Every structure is written in C-alpha cells, then in structure tokens.
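Generate coordinates for the entire structure from the input sequences, incorporating the hints supplied.
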Amino acid sequence: MPDGTFLDATELVLNMGPQHPSTHGVLRVILKLDGEKVIGTECVIGYLHRGIEKIAENRTYAQFAPYVDRMDYVAAVSNGLGYCLAVEKLLGVEVPPRAQAVRVILTELNRIASHLIWLGTHALDVGAITPLFYCMREREEILNIFEKYCGARLTTHAFRIGGLQYETYDTFEEDVRAFCDMFLPRVDEYEELLTGNRIWIGRLRNVGILNAEDCKAYGVTGPLLRAAGVKWDLRKAQPYSGYEQYDFEIPTGTNGDSYDRYLVRIQEMRQSVRIIRQALDGLPGGPIMGKVPKVIKPPVGEVYVSIEAPKGELGYYIVSDGSTQPYRVRVRPPSFVNLQALDKMCRGALVADVVVVIGTIDIVLGEVDR
Amino acid sequence: MDFYLITAVKAAALMGFLLLTLLYLQWIERKVIAHVQVRIGPSRVGPHGLLQPVADSLKLLLKEDLIPPHVNRFLYLAAPFLAVTLALLSYAVIPFGPEIEIFGVRTRLQLADLDIAVLFVLAVSSMTVYAVVLAGWSSNSKYPLLGALRSAAQMISYELPLALAVAAPLLLANTLNLREIVERQDGFYLGLLPRWNVFQLPAPQILGLVVFVIAMFAETNRVPFDLPEAENELVAGFHTEYSAMKFAAFFMAEYANMITISAMATLLFLGGWLPPWPAWLGSNWVPMILFAGAGALALYHGLNAERARDRRTLPIVAAGFFGASLVFALPALHALLIPPFWFLAKVGLLLWIFMWVRGTLPRFRYDQLMRFAWGTLFPLGVVNLLATGLLVALFGEA
Numbered sequence: 007m008p009d010g011t012f013l014d015a016t017e018l019v020l021n022m023g024p025q026h027p028s029t030h031g032v033l034r035v036i037l038k039l040d041g042e043k044v045i046g047t048e049c050v051i052g053y054l055h056r057g058i059e060k061i062a063e064n065r066t067y068a069q070f071a072p073y074v075d076r077m078d079y080v081a082a083v084s085n086g087l088g089y090c091l092a093v094e095k096l097l098g099v100e101v102p103p104r105a106q107a108v109r110v111i112l113t114e115l116n117r118i119a120s121h122l123i124w125l126g127t128h129a130l131d132v133g134a135i136t137p138l139f140y141c142m143r144e145r146e147e148i149l150n151i152f153e154k155y156c157g158a159r160l161t162t163h164a165f166r167i168g169g170l171q172y173e174t175y176d177t178f179e180e181d182v183r184a185f186c187d188m189f190l191p192r193v194d195e196y197e198e199l200l201t202g203n204r205i206w207i208g209r210l211r212n213v214g215i216l217n218a219e220d221c222k223a224y225g226v227t228g229p230l231l232r233a234a235g236v237k238w239d240l241r242k243a244q245p246y247s248g249y250e251q252y253d254f255e256i257p258t259g260t261n262g263d264s265y266d267r268y269l270v271r272i273q274e275m276r277q278s279v280r281i282i283r284q285a286l287d288g289l290p291g292g293p294i295m296g297k298v299p300k301v302i303k304p305p306v307g308e309v310y311v312s313i314e315a316p317k318g319e320l321g322y323y324i325v326s327d328g329s330t331q332p333y334r335v336r337v338r339p340p341s342f343v344n345l346q347a348l349d350k351m352c353r354g355a356l357v358a359d360v361v362v363v364i365g366t367i368d369i370v371l372g373e374v375d376r
Numbered sequence: 033m034d035f036y037l038i039t040a041v042k043a044a045a046l047m048g049f050l051l052l053t054l055l056y057l058q059w060i061e062r063k064v065i066a067h068v069q070v071r072i073g074p075s076r077v078g079p080h081g082l083l084q085p086v087a088d089s090l091k092l093l094l095k096e097d098l099i100p101p102h103v104n105r106f107l108y109l110a111a112p113f114l115a116v117t118l119a120l121l122s123y124a125v126i127p128f129g130p131e132i133e134i135f136g137v138r139t140r141l142q143l144a145d146l147d148i149a150v151l152f153v154l155a156v157s158s159m160t161v162y163a164v165v166l167a168g169w170s171s172n173s174k175y176p177l178l179g180a181l182r183s184a185a186q187m188i189s190y191e192l193p194l195a196l197a198v199a200a201p202l203l204l205a206n207t208l209n210l211r212e213i214v215e216r217q218d219g220f221y222l223g224l225l226p227r228w229n230v231f232q233l234p235a236p237q238i239l240g241l242v243v244f245v246i247a248m249f250a251e252t253n254r255v256p257f258d259l260p261e262a263e264n265e266l267v268a269g270f271h272t273e274y275s276a277m278k279f280a281a282f283f284m285a286e287y288a289n290m291i292t293i294s295a296m297a298t299l300l301f302l303g304g305w306l307p308p309w310p311a312w313l314g315s316n317w318v319p320m321i322l323f324a325g326a327g328a329l330a331l332y333h334g335l336n337a338e339r340a341r342d343r344r345t346l347p348i349v350a351a352g353f354f355g356a357s358l359v360f361a362l363p364a365l366h367a368l369l370i371p372p373f374w375f376l377a378k379v380g381l382l383l384w385i386f387m388w389v390r391g392t393l394p395r396f397r398y399d400q401l402m403r404f405a406w407g408t409l410f411p412l413g414v415v416n417l418l419a420t421g422l423l424v425a426l427f428g429e430a
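Protein sequences, first through last, are from chains P and D.
Each residue of the first sequence is one higher than the one before, starting from 7 at the first, in my numbering.
Each residue of the second sequence is one higher than the one before, starting from 33 at the first, in my numbering.
If you're looking for bench data, these hints aren't it; they were derived computationally from the structure.
Note that the structure is a prediction, hence the values are computed from the model and not measured.
One or more hints might be untrue.
Which stretches of chain P does chain D cover? Using the computed rule of at least three CB atoms under 8 Å from a CB of chain D, they are [what the hints assert, rightly or not]:
1) 128-134
2) 139-146
3) 200-208
4) 355-361
Beta carbons are placed, not taken as given, at the ideal position from N, Cα and C, and that holds for glycine.
Dropping the structure here:
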C-alpha cells in the first residue's frame with residue numbers, strides 16, 4: 007500500500023476478498039472508502055496462479071492442449087480453439103471444413119454457457135437470486151451436449167491440433183437443434199425478469215462507464231468494448247475457423263455502462279444461436295482431421311493467433327525453436343486485460359457498484375492468474 | 033387468580049405457536065423460493081424436508097459459541113438478545129380474533145388489550161434498530177459496521193412513511209386499540225364489499241396499504257431492501273461476526289418481525305380476523321373447502337406418486353388436511369376457529385408476498401433506497417394522510 011494517507015481517519019480501507027461472496031473466485035480488491043464512496047481500488051491477483059505458461063515449456067504441443075482448458079474454465083472450448091488454431095498456423099496445417107463447422111458449433115455453445123454463468127452470477131450480485139438457477143438449468147443442457155460429445159463437461163479438451171479427435175455422436179444435430187429451439191424463449195424469460203426491471207436498470211445504468219477511448223487505452227476487448235459502441239468482433243474483423251461463412255450481427259451499446267454490457271451479452275447469446283443454426287444447416291461431411299504429422303515439430307518461428315472468446319480477445323503467442331516443445335507460450339487473457347479497467351470504472355462509485363462492476367467485467371480468475 | 037392463570041395459558045400458547053411458526057416459516061420460505069427457482073428445496077431430513085428446521089436449530093444450538101477476541105463483549109452479547117426480545121414483544125398486543133368462549137371461560141384471543149397498542153408496536157419496532165446498530169458497532173469489524181450504518185439510516189428513514197401509512201387508518205378508526213380498529217371494520221357495503229380500511233368510505237386506504245407494504249419490506253430488511261445484510265457486498269452485513277445460536281437469534285428476529293408487520297398490515301388495513309365476504313355467502317365454509325381441496329390434491333399426488341416415498345408420506349399429509357377440514361366442518365366450532373383462520377390466512381398471504389418478492393427482484397442500491405424513501409414514499413404517505421384527514425373531516429361520521 008502506498009503512502010500514509012491510508013491511515014487517515016476519515017477514510018476506511020476495506021479488504022474485499024480473496025474470500026468474498028462476489029469477487030468471483032479469489033480476486034482481492036483493496037478499497038479505499040470515504041463512507042460508502044470508493045476513492046480508490048487496488049487489485050491483488052495471483053491466488054490462482056499455476057504457472058500455466060511455464061508448464062507449456064516442459065510439455066509437447068499436444069500435451070499442453072488440456073492445460074489451456076484450465077484457464078477460463080467456464081469457456082474451455084474457446085481456449086482450446088485458440089490454442090489449436092495457433093499451433094495449426096505454426097505447422098501450416100489445413101483443418102477440414104467439417105471439423106471447422108463442428109468447432110464453431112461447440113465454441114458458440116460454450117459462448118452461451120459462459121454468458122449464462124455471467125448473467126446468473128451478475129444478477130446474483132445485484133441481489134436477484136432467481137436468474138442464476140434459470141441460467142444453470144440451460145447451461146446444463148449445453149454441458150450435457152459436451153459430455154455426450156467428448157466425455158467431459160467443463161474442461162472439455164474438445165479439439166485436437168489439426169481438427170477433432172471424435173466424430174459427432176449420432177443425435178448431435180438433433181440435440182443442438184433442440185437446444186436452440188428451447189433456448190431462445192428462455193432468453194426472453196431472463197429479459198422479462200431483468201431488462202425492464204426498474205431496480206435492475208437503476209443498479210446498472212451509468213454504473214462502471216467505460217467509453218471507447220478508455221477501452222482502447224486499457225486494451226479492453228469483448229462485450230465491454232462493444233458496449234462502448236465499437237463494432238469490433240474478431241469473428242468478423244479477422245475471421246477464423248470459417249466464421250466468414252456465417253451471417254450474424256455484432257450487437258453494440260452506446261453508453262458503455264453496465265446496462266449496455268448486459269444488453270450486448272444478451273444479444274450475443276441470440277446471435278450465437280443464429281450462428282449455430284447456420285453451421286448445422288450447412289454442416290459438411292468429410293474428414294475431421296487434417297494432415298498432422300505423428301510428432302508435432304513445428305519449424306522455428308513465432309505466431310500470434312487471437313480469437314473472440316466470450317470475454318474478449320484471447321490471444322496465443324507461441325515461439326517455436328523447432329523442437330517438440332514450445333520455447334515460449336504467452337497467453338493474452340481477456341479477463342486479465344479487462345480487469346485493468348476496474349479502478350477506472352469504480353472510482354467515485356459506491357461499494358455496491360464495485361460488486362456490479364466486477365460482475366460486469368466478467369472475469370474468471372483462472373484466466374487472470376493462469 | 034383466574035386472570036393470571038388465563039394470561040399464563042395464553043402466553044404459553046402464543047409463545048409455542050409463535051416459535052413453531054418461526055421454525056416452519058423458514059422451511060416454507062425455502063420451499064417457496066425453491067419452487068420459484070425450479071428446485072425442490074429441503075427434501076432429505078424427514079418427509080419433504082419437514083424436519084429440516086429441527087435439524088437446523090439443533091445444529092445451531094450445538095455449534096461452538098464463538099466470541100471473537102476483538103469485540104465489545106457486553107454489547108456484542110446483548111445485541112442478539114435485544115433483537116429477539118424486541119421482535120417477540122409486539123405479539124403481546126396483537127389480537128388474533130374476537131372474544132371467544134372456551135371451556136366456559138370468556139376471553140379475548142389477545143394477550144394484552146392495550147389502548148395504545150398501535151403506538152406500542154411502532155415503538156417496539158423502532159427499537160429493533162438498536163439491536164442492529166449495536167451488533168454492527170460492537171463487532172468492531174468493517175463489514176458489520178458498514179451494514180449497521182446502512183441499516184440505521186434505512187430503518188429510521190422507512191419508519192416515517194410507515195408511521196404516515198399507519199396514521200391514516202387511525203383517523204378512520206379514531207382509536208389506537210387494535211381490537212377496536214378491527215371491530216370498526218366490521219360490516220359490508222352493499223352486503224358484499226367488506227368495510228376494511230382499504231375499502232372503507234370516506235377514505236379508502238389503498239394508497240396507504242401500498243405505502244405500508246413497501247415500507248414494511250424495508251423495515252424488516254427484506255429483498256429488495258435487504259441492504260444491511262447484502263451478502264454480495266457486505267458478506268453478511270451486521271451479523272457477519274455472529275455464529276451459532278447468536279446468529280440464529282438475528283435470523284429468528286427477522287422472521288418474527290416479518291410476522292409482526294404482516295399482522296399489523298392485516299389489522300390496520302385488511303380487516304384483521306373479519307371474513308372477506310359475508311357469512312351468508314358461505315365464507316364460513318372456505319377453510320373446510322380449502323383444506324379438503326389440499327387434502328384431495330395431496331392424495332392425488334400420493335396415489336400417482338413420482339417418488340416411491342411420496343406414496344407413503346403424501347396420504348398421511350392428505351389425512352392431516354382432511355382432519356383439519358373435518359374440524360372446520362363443525363358449525364359448533366365456527367365461532368372459535370373461523371376468525372383466527374381468516375387472520376392467519378391474511379398474514380400468511382402477506383408473508384407469501386415477502387417470499388415471492390424475494391424470488392423475483394434484485395436489490396436497491398443504498399442511495400437509490402434513500403431517494404425512494406424520501407422522494408417517493410414519504411410524499412405519498414403525506415398525501416395519503418392529508419387526503420384521509422380531509423375526507424374524514426368532510427364526510428366522516430361525527
């Protein structure tokens with residue numbers, strides 16, 4: 007803690023976390039308060055640090071793939087996709103169209119699952135306990151599809167370098183379609199509970215405002231950036247895994263406050279369903295694995311590949327020294343970068359707003375700390 | 033002698049009934065919230081989780097009684113004691129029904145027929161803020177302190193609209209005696225619409241009831257006004273440092289306050305133990321039909337059970353309901369049972385609204401809460417009071 011002003015009697019230093027019901031895991035925020043007003047925050051992170059980037063240097067490329075699932079554990083499929091794309095680019099491997107389409111379906115399902123977790127916990131933080139259970143109910147269906155597909159529910163390791171290990175199971179398409187049909191009315195249900203609710207609007211409107219300039223200055227991406235009115239989505243800006251074939255919109259906000267972020271994420275869930283339906287309609291046949299050598303030994307070089315993860319730009323920077331193990335893997339986790347803006351968003355707000363802001367950034371500490 | 037004996041019996045009966053209600057209100061709330069949230073709620077301890085409250089109380093009783101080293105011991109221990117005492121005190125003046133005759137003794141279904149009962153309840157309920165403030169302050173810890181500060185401000189602010197809302201029906205009734213207030217609401221307009229204070233001419237208290245109901249949520253620290261214990265911000269608010277039975281005391285006090293304030297709403301606005309429509313339209317048979325219907329429903333689900341255990345438990349529940357239905361079918365017992373039934377039914381409905389709202393709404397922020405109290409609720413209360421006064425002065429009887 008800096009200087010002696012913290013001992014000033016009119017100010018209260020409140021330690022929020024790492025064991026606090028709404029810091030979403032083990033985030034610790036030190037708040038400097040004047041009454042209930044926040045005059046400064048400081049984030050303490052690293053309680054969940056496992057040295058994932060360092061582990062990568064002692065594993066082969068394929069061996070490291072399951073580790074990335076443990077970063078953003080509510081969006082493990084996205085993590086896996088980003089890593090696989092990066093290694094594939096390093097190797098120069100073409101992924102067959104069927105594998106690409108299945109990847110898109112699973113990733114979008116995972117985006118919905120991640121947004122559902124966000125919506126449920128965010129609403130819980132604001133005091134509405136019920137949406138959490140509704141969100142969990144729908145997320146369960148997604149996890150069931152994952153489980154049927156690859157045996158795991160959370161840390162799925164669904165993709166392999168070069169494509170997919172498993173062909174889709176027999177009723178995969180019906181299951182996903184049934185989910186899409188069921189899910190859209192459910193989104194309306196959440197909106198019925200929250201969108202027009204005066205208390206909900208009162209709690210989120212003009213709370214944690216982050217305008218487009220601030221977003222760019224902090225490197226904030228994802229729904230936070232879009233809520234500030236910037237139409238930036240890597241799925242459109244630099245399409246990967248065949249996203250260019252799908253027709254979908256980038257929802258944006260105007261104010262850049264928590265309510266806009268809420269609306270943006272709700273819309274994103276709807277758009278994800280749209281993408282999934284298109285991918286199902288045009289699901290090609292053919293192989294699911296590209297031509298990947300038995301021993302993955304990329305040529306010397308480096309690569310940066312980023313994807314639009316549910317929480318923002320997830321980037322992998324991989325340096326290869328020509329051996330079977332990466333020389334260096336650096337991850338650009340969206341939660342970590344977005345969390346930087348916490349202080350900016352909290353200053354001058356009330357204690358209750360801090361909880362809203364932490365919720366609206368949508369952090370996963372596994373990804374912040376790695 | 034008789035007086036003391038009767039009072040002692042009534043006090044014991046009231047206390048037993050109240051504590052059992054407190055115990056099971058919590059179970060009911062958990063079940064209601066669970067069904068709102070597509071869960072089934074407590075279901076493991078006893079049939080349908082019916083023994084859950086017992087298990088919870090036992091657990092809380094047997095927990096280590098921890099007193100943190102940094103607290104102000106005396107006040108720290110006094111706070112939960114104060115909370116429960118004050119919460120239970122109000123029941124002394126709340127009437128459950130009119131004068132009845134039981135085993136040849138005429139008595140009122142009320143512990144003490146106080147002439148200033150309304151003031152008494154208001155006074156006691158404003159004292160409860162002390163328990164919260166003392167708990168927060170004596171804990172000598174930051175989260176409880178913030179919680180206590182919030183709740184002191186909140187409870188004092190909402191006391192005003194609450195008192196304003198209470199004052200208006202008093203103008204109609206012209207008395208502070210709760211029993212007389214209810215008796216003044218007897219009768220029906222056009223033989224159909226009850227003369228409850230919500231409907232009573234010349235100044236129907238619909239706005240007053242709305243203000244009262246909103247303020248009562250704030251007064252009892254319930255969602256959407258549960259800021260003092262907003263767990264997502266303040267861990268557990270003013271009772272963060274309390275554990276075991278001391279925590280249970282605050283919990284009990286909250287539920288006891290909910291019942292008190294619902295009872296007050298019932299007595300002041302909803303006609304207390306008076307039926308919602310006249311007896312010649314069959315209001316005396318409502319409890320019988322209600323219980324019989326509940327029994328039939330339980331029996332149906334027992335016979336078409338989804339779980340094996342329901343096949344045994346639900347018919348027993350059904351038998352209980354049919355038994356209650358039979359008791360209410362005896363015209364001889366009507367005078368004794370029907371008024372308390374209506375009173376408890378109305379209180380139960382209000383309590384259910386508490387639970388329903390908890391399952392639906394998010395929480396206000398501190399400043400919004402204050403703005404709402406002073407900017408919206410308070411003026412509404414004043415307008416209601418002035419309008420009532422004017423209407424009573426112009427069109428009132430005498």
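Hints, verified against the model:
{"no.": "1", "hint": "128-134", "result": "holds (count 6)"}
{"no.": "2", "hint": "139-146", "result": "holds (count 3)"}
{"no.": "3", "hint": "200-208", "result": "holds (count 5)"}
{"no.": "4", "hint": "355-361", "result": "holds (count 6)"}
Figure legend: structure checked against the earlier numbered hints; every hint is met.
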